[in-house]
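2 protein chains.
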Amino acid sequence: MFMVDILMCLHTDQHFKLLFTFTLSLVYLYYDMKFTLQKESNTLSARAGLIQTDHGQIETPIFMPVGTHATVKALSNDELKTAKAQIILGNTYHLYLRPGMEVMKGAGGLHQFMNWDKPILTDSGGFQVFSLAHLRKIEGDITTFRSHIDGSLHQFSPEVSMEIQRTLGSDIVMVFDECTPYPCDYEYAKNSLAVTHRWEKKSKDYLRSKDPMWDHTQALFAIVQGSVYEDLRLESVKFLTDEGFDGYAIGGLAVGEPKQMMYDLTQSVCDALPKDKPRYLMGVGKPEDIIHSIARGVDMMDCVLPTRNARNGSVYTWDGKINIKNQQYRNDFTPLDPTCDCYACKNHTRAYMHHLYRQNEILGMRLNSIHNIHFFIQLTREARKALLEDRFPAFYKDFFDRYRVEEDHGEANAIHRENRRKKFEKK
Amino acid sequence: MFMVDILMCLHTDQHFKLLFTFTLSLVYLYYDMKFTLQKESNTLSARAGLIQTDHGQIETPIFMPVGTHATVKALSNDELKTAKAQIILGNTYHLYLRPGMEVMKGAGGLHQFMNWDKPILTDSGGFQVFSLAHLRKIEGDITTFRSHIDGSLHQFSPEVSMEIQRTLGSDIVMVFDECTPYPCDYEYAKNSLAVTHRWEKKSKDYLRSKDPMWDHTQALFAIVQGSVYEDLRLESVKFLTDEGFDGYAIGGLAVGEPKQMMYDLTQSVCDALPKDKPRYLMGVGKPEDIIHSIARGVDMMDCVLPTRNARNGSVYTWDGKINIKNQQYRNDFTPLDPTCDCYACKNHTRAYMHHLYRQNEILGMRLNSIHNIHFFIQLTREARKALLEDRFPAFYKDFFDRYRVEEDHGEANAIHRENRRKKFEKK
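Those protein sequence lines, which keep their order, are chains G and W.
Here the first sequence stands for residues 1 to 427, numbered as in my numbering.
Here the second sequence stands for residues 1 to 427, numbered as in my numbering.
Keep in mind that the hints are not guaranteed to be accurate.
The calculated DMTMM-like cross-link candidates involving lysine to aspartate or glutamate, where the alpha carbons are at most 20 Å apart (straight line), are [what the hints assert, rightly or not]:
hint	chain 1	residue 1	chain 2	residue 2
1	G	Lys84	G	Glu102
2	W	Lys190	W	Glu230
3	G	Lys105	W	Asp332
4	G	Lys325	W	Glu102
5	W	Lys259	W	Glu406
6	W	Lys137	W	Glu418
7	G	Lys84	G	Asp271
8	W	Lys105	G	Asp332
9	G	Lys346	W	Glu79
10	W	Lys259	W	Glu411
11	G	Lys321	G	Asp398
12	W	Lys201	W	Glu163
13	W	Lys34	W	Asp117
14	G	Lys34	G	Asp211
15	W	Lys397	W	Glu40
16	G	Lys190	G	Glu235
17	W	Lys346	G	Asp332
18	W	Lys39	W	Asp276
19	G	Lys81	W	Glu79
20	G	Lys34	G	Glu102
21	W	Lys325	G	Glu59
22	W	Lys346	W	Glu389
23	G	Lys81	W	Asp401
24	W	Lys325	G	Asp150
25	G	Lys325	W	Glu406
26	G	Lys201	G	Glu163
27	W	Lys346	G	Glu163
28	W	Lys346	G	Asp78
29	G	Lys346	W	Asp78
30	G	Lys201	G	Glu243
31	W	Lys81	G	Glu382
32	G	Lys202	G	Asp185
33	G	Lys259	G	Asp185
34	W	Lys81	G	Asp78
35	G	Lys346	W	Asp117
36	G	Lys39	G	Glu382
Note that these hints are calculated values from the structure, not bench results.
Chain G extracted, bound-state conformation (with noise of 0.2 Å):
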């Protein structure tokens, strides 16, 4: 009755706007990221789903290429649907220093900036802060660090992450957390996780007392954090999953833990997570991992390898990693994958790719990269279509028994990195 009365006072152009702002309320009232869970493994935890997003659906178990500067290195936006890309990554820590966030805002977001119509997720930039910026000091909940182009200071809290991926407009935007490196002391783990959790808590209120800055929605995933400590993650899960947000991502895993410590914790966490919402898995990683993750339950990954080491000459197929610079490929005239329907390997040889690389051409960095982008999402495909055809752990035998998976240098990497940033830190 309140509605009527309000109505029958009004000019007719008036009811319109009227109606359309409270429809527009019901929407934001009631969203919720919807997630579908289609297929569970039966002797596995791998699970099918799928996400519904204002730009689209996303088909889990999913690898997302990451764009850091807007634009996912060496592959124009077509490229990346041709190779079946169904969501991208941004970076906030990059994209609010450039092209920043007056330019942000003049484009209408991020997807008008880059002209991408597909759903992009944005990290928070706390990864980056604490292993790119210099010079971070953590007071209360403000950081402040400079960049690492020009020394600029500048502030990050769990408020400004938020209002940046405001701006930037993602569909799925990620609480500001602090990233663990590894190794990392167990005091210092606790400690580190009541902040992001602190943290984590002020991102929801902030970006729930706003409405999202352009017309479509804004999903938010919390970040599991506890370092390698298997009591301190399932506190984390609890925490959060009290809290209640839309996704639940991994965090402070990949950064150089031993592999199979990554693995089981990746199953308790995932195996505490409610089934109903995506898990996200962040930066994660080599494709061994990615079948691995998908096995313990992992929906959502991303990573730099595929376009990184695209540009160092490193391709991947499913029989492992091959690199096109070694002197064997010079006269093979077969394509990188025979199986495999990318442009690459549909236009062009080794042998010219070898060329390629060697001459430094911009095109060999682009068919390596659309190669491999090609290839890390076709994996997370047919995991998916092996759930939804039931033969998942057929699948991942297969995978294994085909794949030759690297030796593994990530601990004494990231015990040298941290030993070194320790030693920095002290001066």
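Starting from the known structure of chain G, fit chain W onto it as the hints suggest.
Okay, now just chain W, sitting in the frame of chain G:
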């Protein structure tokens, strides 16, 4: 009767083989690259024509993108075709050094190696030997030089250049010549021309004594030299047309001489050349040079400018060259050229391209290259259209009324370059 006698003695499959060989011989014997003159301007020397090759037709006037290392830098074959590229260049000197002739033979020639099914023109390697290679020494018809990549010792001659181009399998082969520098005194130019003419005849004798290596015919173009001296240029035209070639190129221009001198010499040479053969002005040039050259009777042009400048952020429009790195484009959400239908202009804004340039992103170089190649080819296509529609003088006038011609620093640079070269050679 002789043929019948032979055929009577053979089995059926032998008949077929013989018939095939005989037909092929006839094709080679009577082979003459077909050039059809379609239209001439009434008031200017411009003309429209058609060149028929075994890899398809070329509509002239035409701009030919340069694919030095078996790739037009930053572009895929599909992108070249979308830009309506009808013929591309390959560089004999570069391809001889890398990937080398063993790989090229294994691939089945340059078309196969790079999977380009349209016409290819290869230069003779002469220009690069004299401009890029180190420690070159001419003894008789043998030019000895050191590779600019690894210092290894190599020898070129008219015969070697022809053999390399046979292996590359280009549709249009260029004779081996010496490209005189600018400035160049009369005596040097006269002596060089004598050597060049001897080499051109040797090139023809060698190439025509052999069957093509692959299953298509190769046309041979002569190169008119004579530096900036009109009498030498006309002497060169006389010698070469008496000798008879499939087409005639003008070499040794666009090397730093004043622009008016280049235009005047182009006019004199074109006026003296036969009308029924295509004319190719080598290494030209800027958009204004292209239009000036077409107006003087040139049919084909090539230049690295559109791709090289693209990588430096310079992009071309009908109003002139702009540099996308300029701050003024930071918040400019319009396309580079609203009237252009290339992928970059149809999909992205100046602000996005400015951002990609600042970030040194490969996609930035790609979009700029796509646009520039599209623009240069469109330039010649529009000129051709105007010719066919009997309105070339109006097109010419409209172009220069609108296009902001840059100041020319070519001569000063060339004099500086030549002085440095002479100083280096004295050491």
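Taking only the CA atoms, is the gap from Lys259 (chain G) to Asp185 (chain G) under or equal to 20 Å?
-> holds (18 Å)
Verify the proposed pairing of Lys397 (chain W) with Glu40 (chain W), using a straight-line Cα cut of 20 Å.
-> holds (17 Å)
Are Lys346 (chain W) and Glu389 (chain W) close enough, with their CA atoms no more than 20 Å apart?
-> violated (28 Å)
Given pair status - Glu163 (chain W), Lys201 (chain W), alpha carbons within 20 Å = holds (15 Å)
Do the alpha carbons of Lys105 (chain G) and Asp332 (chain W) lie within 20 Å of each other, as the hint requires?
-> holds (12 Å)
Is it true that the CA of Lys325 (chain W) sits at most 20 Å from the CA of Asp150 (chain G)?
-> This hinted pair holds, its Cα atoms lying about 18 Å apart.
Lys137 (chain W) and Glu418 (chain W): Cα distance at most 20 Å?
-> Judged against 20 Å, a Cα distance of about 17 Å means the pair holds.
CA of Lys321 (chain G) to CA of Asp398 (chain G), is that 20 Å or under?
-> holds (17 Å)
Distance restraint between Lys39 (chain W) and Asp276 (chain W), which requires alpha-carbon spacing of 20 Å or less | Between Lys39 (chain W) and Asp276 (chain W) the Cα gap is close to 12 Å, so the pair holds against 20 Å.
For the pair supplied as a hint, Lys346 (chain G) and Asp78 (chain W), is the alpha-carbon distance within the 20 Å limit?
-> Holds, at roughly 13 Å.
Given the hinted pair Lys346 (chain W) and Glu163 (chain G), is their alpha-carbon gap at most 20 Å?
-> At roughly 31 Å apart (the allowed maximum being 20 Å), Glu163 (chain G) and Lys346 (chain W) break the hint.
20 Å limit on alpha-carbon distance, applied to hinted pair Lys190 (chain W) and Glu230 (chain W) | Roughly 11 Å separates the two Cα atoms, so the pair holds.
Hints 1, 7, 17, 20, 21, 22, 23, 25, 27, 31 and 32 from the list above are not met by this structure, while the remaining hints are.
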